[in-house]
Each structure stands twice: as structure tokens, then as C-alpha cells.
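Engineer: Since each chain comes alone in its own frame, lean on the hints to assemble the complex.
Protein chains in written order, with the working numbering: chain D, 1 to 119; chain F, 1 to 209.
Because the hints were derived from the structure by calculation, they are not lab data.
Please note that a few of the clues may not be correct.
Unchecked claim - Below, in silico cross-link-like pairs of lysine-lysine (DSSO-like), each with a Cα-Cα straight-line distance of 27 Å or less:
{"no.": "1", "chain 1": "D", "residue 1": "LYS109", "chain 2": "F", "residue 2": "LYS91"}
{"no.": "2", "chain 1": "D", "residue 1": "LYS57", "chain 2": "F", "residue 2": "LYS112"}
{"no.": "3", "chain 1": "D", "residue 1": "LYS103", "chain 2": "F", "residue 2": "LYS178"}
{"no.": "4", "chain 1": "F", "residue 1": "LYS108", "chain 2": "D", "residue 2": "LYS57"}
{"no.": "5", "chain 1": "F", "residue 1": "LYS91", "chain 2": "D", "residue 2": "LYS57"}
{"no.": "6", "chain 1": "D", "residue 1": "LYS103", "chain 2": "F", "residue 2": "LYS112"}
{"no.": "7", "chain 1": "D", "residue 1": "LYS107", "chain 2": "D", "residue 2": "LYS57"}
{"no.": "8", "chain 1": "F", "residue 1": "LYS21", "chain 2": "D", "residue 2": "LYS103"}
{"no.": "9", "chain 1": "D", "residue 1": "LYS106", "chain 2": "F", "residue 2": "LYS178"}
{"no.": "10", "chain 1": "D", "residue 1": "LYS103", "chain 2": "F", "residue 2": "LYS108"}
{"no.": "11", "chain 1": "F", "residue 1": "LYS109", "chain 2": "D", "residue 2": "LYS39"}
{"no.": "12", "chain 1": "F", "residue 1": "LYS21", "chain 2": "F", "residue 2": "LYS74"}
{"no.": "13", "chain 1": "F", "residue 1": "LYS112", "chain 2": "D", "residue 2": "LYS39"}
{"no.": "14", "chain 1": "D", "residue 1": "LYS13", "chain 2": "D", "residue 2": "LYS57"}
{"no.": "15", "chain 1": "F", "residue 1": "LYS91", "chain 2": "D", "residue 2": "LYS106"}
{"no.": "16", "chain 1": "D", "residue 1": "LYS103", "chain 2": "F", "residue 2": "LYS91"}
{"no.": "17", "chain 1": "F", "residue 1": "LYS21", "chain 2": "D", "residue 2": "LYS57"}
{"no.": "18", "chain 1": "F", "residue 1": "LYS178", "chain 2": "D", "residue 2": "LYS107"}
{"no.": "19", "chain 1": "D", "residue 1": "LYS109", "chain 2": "F", "residue 2": "LYS178"}
{"no.": "20", "chain 1": "F", "residue 1": "LYS123", "chain 2": "D", "residue 2": "LYS57"}
{"no.": "21", "chain 1": "D", "residue 1": "LYS107", "chain 2": "F", "residue 2": "LYS91"}
{"no.": "22", "chain 1": "F", "residue 1": "LYS123", "chain 2": "F", "residue 2": "LYS66"}
{"no.": "23", "chain 1": "F", "residue 1": "LYS112", "chain 2": "D", "residue 2": "LYS81"}
Stated by the list, open to error - One side only, chain D facing chain F, incomplete, derived with CB under 10 Å:
{"no.": "24", "residue": "PRO52"}
{"no.": "25", "residue": "GLU68"}
{"no.": "26", "residue": "GLY76"}
Stated by the list, open to error - Far from chain D, by Cβ distances over 10 Å, these chain F residues were calculated:
{"no.": "27", "residue": "GLY51"}
{"no.": "28", "residue": "VAL118"}
{"no.": "29", "residue": "VAL173"}
We put the beta carbon where it would ideally sit given N, CA and C, even for glycine.
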Amino acid sequence: MRMSGSGEERNIKLDLISEERMASMTSMEKIRFILDGVKLGNIVVLEGGLTPEEQMKLIEMTMSEISEDFTGIEIGSYPLKRGFLRLRRRTRLTIVGPANMMKTIKKDKDLIRAIISIV
Amino acid sequence: MRLRRGFLLLLKRLLRRRNTKIGIYGAPNAGKTTLANRILHDFLDHGEEMGVVSEIPHETRRAYRKEGILITAKGAKLKVDIVDTPGLATKIDFHDFIPYGLSEEEAKKRAKEATEGVIEAIKWLDDLDGVLLVMDATEDPFTQANIVIIGNLEARDIPFIIVANKMDLENAVPARIKNAFPQHVVVPISALKGENMEKLYEEMARCFR
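Bound-form chain F, shown alone (with noise of 0.2 Å):
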């Protein structure tokens, strides 16, 4: 069964005209629209933002789609068009943001919206080729959002690569991602300052292809 998957998978990539579909996916605030940024800035426009970034979690409340970008690393190209998802959670409440400055009604407005943006990233994954997993690695990597993610995406064969961003922060220790998913590619990065993104390009063109 898991054979036949595997060479269904491989004869859809051979056959497959359009661009490959990358999904970012992730928990709240781990960089997942930093990192689209990134990648948007480094291959296409300066210029160009894929959305707004921000402190208060659940900035990103849509899938946004970038189509046709060419990744090239040490000769290598790939073709893609980025999905940036909404950040994976299991629970919203409204009083989270109003701290941030948020008045009521605005925080409940976000709230609802945020649990809307969820249902789209769960849906985006079926139309995915493969997803780029962020994880921020100041945090304790081992949440039930980045191990159903990781259930999820094996049990459909997408290939996938764990990003452990925000390397640039002292108490980051991607080691600790390293360690609690062994099986799985992980490459250690900081979106925000764009170091080791080279490395990134690599194994994206080397896993998605």
C-alpha cells in the first residue's frame, strides 16, 4: 500500500506541468510570514512583502499564495508557488489580544477570523507538494500543533522540511528540535536576518524536486 503511495507520489511529480506547492506551516508567531518574506525578497522583489508581521499572534489569518517563484541554489532550480498559512492552534480566546491594545470588539473580531484561518490551513493540505514546517527554536519544540502537523504530512507522503528559526536569538537551541525529531531534515535559521537561508534553498531543491 505504502509502495503503491510512494510510486503514485513519484509518477505525479514526473507528470506535474504546474509549479510545485509549498505550504509554510506552523504555531503562531514562529516566522512563518518572515520566512515567505525571505524567500519573496531573495527570489523575486525587494520590494515585495507576502503580508504583515507582527507581535500579536494570529497576524496571519488567510492562505496567501505567491505563485511562480524560481528558487535556485549551487545550480539547482525549482519552481514553486509559496502558501503561507495561518498559524496551527487548538485553542483562541479573544482576551488574548487585549493586551496587545486590541479593544474588545477588535479582539473579537480577530478571534473569529484567527479560528476561520485555521480551518484554511488544515484544508490547504490537500493541495500541498510540500510544506516547510517552521518551528521557533527558543521554544520546546515538542507541541501537539508542530506533532499532529508531522502525523499529518507522513500519513499523506508530502515530503517536508523542519525550519528552526529565529537561530539568531540567544536562547535558541536548535539542537533540541534536532533531537526531538531525528528522522526528519532540519535546518536551522533566522528569516529576520536571513542567515543559513543558502542551506534552506539546498535541501528545498533537493526534497521538492
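So here's chain D without its partners, still in its complex pose (with noise of 0.2 Å):
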């Protein structure tokens, strides 16, 4: 993505991870994968989504990575489908970004609405 900001071009990355990328990754490399990429100020968008415990697991690592220079992040997604009997669970689409660049506006249980600002 290309953008625009007082009169100099800068650009915003976008890793978008299909979900076969996604099925073929632990979920430490999962993790690793998203901190990395958002700690150098990229949007990582994985399709097949982080489970809760994922989520949960991407917060701890996050918060013990937090210095003056990586605030955190902001991350948003669905919340879970149940299958039949609600037994299976279905995660859905995930997006992570660094807290400083973005920041999520609406948000209900099939959109996500959240704003890139570039720092």
C-alpha cells in the first residue's frame, strides 16, 4: 500500500498469510512470524485467523517484547464459529498491526473497521 503524508511518500506492508500458509506453522512460528513482521511496522492479515489460546499466547509474548520503541499491538478478528453440536471450533480472519500505526474504530462480530495511520 502507497500512501501519501506531508508531501513525502511513505509505504505501509501488508503480509497477507493464506490460510494453507497458516495450517503449515506451529503456533510459536505463528507468533514469531506476526511479532516479527509488525514489530518492523507491517499490518499482518492471516486468514485462517489465531485461535483464543493463540491470541492469548501472541498478548504474553507481545507484552514481554515491549520496549520505548515497540508499543504493542492492536489486533482484531471474529470471534469463533461452533460447528455441529458445537463441538468444532472455526477461527476466522485475524489482523495485527503495531499500536502505534493502528487503531480499530468498530468492531461487532462480522467487522472489523480500524484505521492505518502512518508514524
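Structural biologist: Next up, the structure:
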């Protein structure tokens, strides 16, 4: 995504990860991949989403890496869908970005609206 | 698999000799410590405080446990340990504390302690028998923190009650929380004013026994 602000052209990098790519990664690999990308200033969109347990682990790891330069993440995902007899859980899209760039402005069970700004 | 976990949970509850450990969770400034203090005042000691309440976010930066509180409601009794946890957040910026009058050094120290507090709150989930999930009824309940906490409680089969706090405020809309999470028990209260606490204690006795 190419954006312009105050006369200077700057880029925001989006990582769009397919469900198939996600399926080949362990939870830790997914979290490391997300955090590495976000710390570089990228917005990471995961087609298959993260489970609540993976999101909690992501928050925990984020907290352990917060510094003056990295203030954390903004994360948005749709709630889980339940399958037959509520036995199967299905994760849906998750979007993660640097807290100083991304701000979720509206969210419900089927919509995430976020503003991404250049810092 | 789910049936087996449910059976094991029931067995664990039947064999449990210790107090039921109840964690108080939620986003920063939802009123978790105010609720913990209210429970202590109602059942233990009117002068005792679980923690300090403040308008500065992340006032509670460590988890605190108070043991052996006997909650009674309409004849039902429940002996609990209450664990007041730091607010769950995905971002902590020391700059956010400076407008509250903290020096840069104090703000950085608070931010560091707050990150450790979030990790501690997450770790506590492994040791709880039930959770009071506190939401600010004046705010949009569809936050990622709330969604992540609920998802994790469901995945671990930890029973929980959603507490729609601050119902005394003019702009509080507890119905918004009920609409957002219709499959869960939601109890509107004011922890500060002590409103509707009886209903919450009834639900706790029913849900966490």
C-alpha cells in the first residue's frame, strides 16, 4: 500500500497470509512470524485467523517485548464460529498491526473497521 | 472429548477440598479492584481493601489473592478465594501515563510493571475455578481483550459470569453487553455504589459451586 502524507511518499507493508500457509506453521511459528512483522511496522492479515489460545500467547509474548520503541499491538479478529453441536471451533480472519499505527474504530461479530496511519 | 473434559471438571469440583478460586478479569479501568473491594466489604471486613482504585490505567499491576471469603446468597453458601488481576491489554505506552501527572521515570516504571502484570494475569488462568469478567457498561463491549478472554475461558471450560459494571452512570448500557454475548450470563451492577450485588452473589453461588 502506497500512501502519501505531508508531501513525502511512504509505504505501509501488508502481509496477507493464506489459510494453507498458516496450517503448515506451529502456533509458536505463527506468533513469531506476526511479532517480527509487526515490529518492522507491517500489518499482518491472517486468512485463517488465530485461536483464542494463540491470541493470548501472542499478547503474552508482546508484553515481554514491549519497549520504548515498541508499544504493543492492535489486534482484531472475528469471534469463533462453532460447528455441529458446538464441537468444532473454526477460527476466522485476524489482523494485527503495531499499536502506534493501527487503531480499531468499529468492531462487531462480522466487521472490523480499522484506521492505519503512518508514524 | 468435550464430554470427558466436562466429566473431569465435575469430578474435580466434587473432590475439591480447598476454596473455589475466582479470578476477576477485564480491561484496564473496568472496575475490577472496585468489585474486589466491594466483595471484601460485604463479606469480610468493611475496612479492608484488596487494592487501591485510581483513574490512572494499570493501577493494579500485580495479582492479589484474598483467601477464605464466605459468600452467602439466598441460603446458598460458597467459600472462595478472590484473585484481583491486572487489566488485560495488548499495548502499553509510558507516554499515556504522563498526562496523569507522572514523571517520565515514574511512567516508564509503571509501564514496565504493567507489562509484567498482564503476563501474571494470563498465567493465573491456569489455576482458577471460575472467573468474573468485568466490562465497563459505558463502553463498547466488543473489544479484542474481552473476546480473547471469553475464548480462552470457553476453551479451558472455566465457568464465568460477565459483570456489566458502572450501571449507575448515566451513559451505561448493560443491554449492549447482553446483546453482544447472548449465550453467557450477564449481571449488571455498580461495584462502586453496591447496586444489584445480591443478584451477582446469587449467580456466583449457582455458577461456581
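Engineer: Beyond 10 Å on every Cβ pair: is that true for VAL118 (chain F) relative to chain D?
Structural biologist: violated (5 Å)
Engineer: Would the hint linking LYS103 (chain D) and LYS91 (chain F) be met if the CA-CA limit is 27 Å?
Structural biologist: Within the cut-off at roughly 11 Å; holds.
Engineer: Minimum Cβ distance from PRO52 (chain D) to chain F below 10 Å?
Structural biologist: Cβ of PRO52 (chain D) sits 2 Å from chain F, so the hint holds.
Engineer: Decide, holds or violated, for the assertion that all CB atoms of chain D are farther than 10 Å from the CB of VAL173 (chain F).
Structural biologist: holds (15 Å)
Engineer: Does the alpha-carbon distance linking LYS123 (chain F) and LYS57 (chain D) stay inside the 27 Å limit?
Structural biologist: holds (10 Å)
Engineer: Between the alpha carbons of LYS109 (chain D) and LYS91 (chain F), is the straight-line distance 27 Å or under?
Structural biologist: holds (22 Å)
Engineer: Can you confirm whether the C-alpha distance between LYS103 (chain D) and LYS112 (chain F) stays at or below 27 Å?
Structural biologist: With Cα atoms ~22 Å apart, LYS103 (chain D) and LYS112 (chain F) stay inside 27 Å; holds.
Engineer: Is the Cα-Cα distance between LYS109 (chain F) and LYS39 (chain D) 27 Å or less?
Structural biologist: holds (22 Å)
Engineer: Please work out if LYS112 (chain F) and LYS39 (chain D) have their alpha carbons no farther apart than 27 Å.
Structural biologist: Holds, at about 18 Å.
Engineer: Are the Cα atoms of LYS123 (chain F) and LYS66 (chain F) separated by 27 Å or less?
Structural biologist: Roughly 17 Å separates the two Cα atoms, so the pair holds.
Engineer: Taking only the CA atoms, is the gap from LYS112 (chain F) to LYS81 (chain D) under or equal to 27 Å?
Structural biologist: Violated. LYS112 (chain F) to LYS81 (chain D) sits at ~36 Å, over the 27 Å cutoff.
Engineer: Are GLY76 (chain D) and chain F close enough, Cβ to Cβ, to be under 10 Å, as the hint says?
Structural biologist: holds (6 Å)
Hint compliance for this structure: hints 8, 23 and 28 are not met, and every other hint is.
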